[in-house]
Amino acid sequence: LVGKLIATSAKQIGMFLVILAIVSAAIVAFIIYSLTMDKIREIAVLKLIGTRNRTIAAMIMQQALALGVIGFVVGKITATFSAPA
1 LVGKLIATSA KQIGMFLVIL AIVSAAIVAF IIYSLTMDKI REIAVLKLIG TRNRTIAAMI
61 MQQALALGVI GFVVGKITAT FSAPA
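Numbering-wise, the sequence shown is residues 1 to 85 according to the UniProt record's numbering.
One thing to keep in mind: the hints can contain errors.
With a Cα cut of at most 25 angstroms, we get these calculated SDA-like pairs of lysine to any residue [to be verified]:
# : residue 1 : residue 2
1 : Lys-39    : Ala-29
2 : Lys-39    : Arg-54
3 : Lys-47    : Ala-29
Derived CB-CB ranges, DEER-like [to be verified]:
#  : residue 1 : residue 2 : range
4  : Ala-25    : Lys-76    : 16 to 24 angstroms
5  : Ala-83    : Ala-26    : 19 to 27 angstroms
6  : Val-2     : Met-59    : 50 to 58 angstroms
7  : Gln-62    : Ala-7     : 52 to 60 angstroms
8  : Val-23    : Ile-70    : 32 to 40 angstroms
9  : Gly-3     : Met-37    : 47 to 55 angstroms
10 : Ala-57    : Leu-1     : 39 to 47 angstroms
11 : Ala-66    : Ala-26    : 14 to 22 angstroms
12 : Thr-80    : Ala-57    : 33 to 41 angstroms
13 : Phe-30    : Ala-79    : 22 to 30 angstroms
Hints in this document: simulated from the structure, not taken from any laboratory. Heads up, the beta-carbon is just placed ideally off N, CA and C, and yes, glycines get one too.
With the sequences and hints as input, model every part of the structure.
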């Protein structure tokens, strides 16, 4: 009975983590999209002066990576100090 309960709990936790990962990915994608749309004029100016699409995409990816690293560090620090030892 206890083993079955533990197995069921482990399955539920696994499903929760999958759902959490999907929702988190959607939120991150929306944030990156919003940040990109806020800079549409700057991107248009860069295109006018001849900047390649690859360079613009790299700039957007650098911003997304920087936000991801900052989010990871803040989350890790918060989890370290708020979780019981």
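| task | Give me the numbers of the hints this structure contradicts, sorted from smallest to largest. | result | 7, 8 and 10
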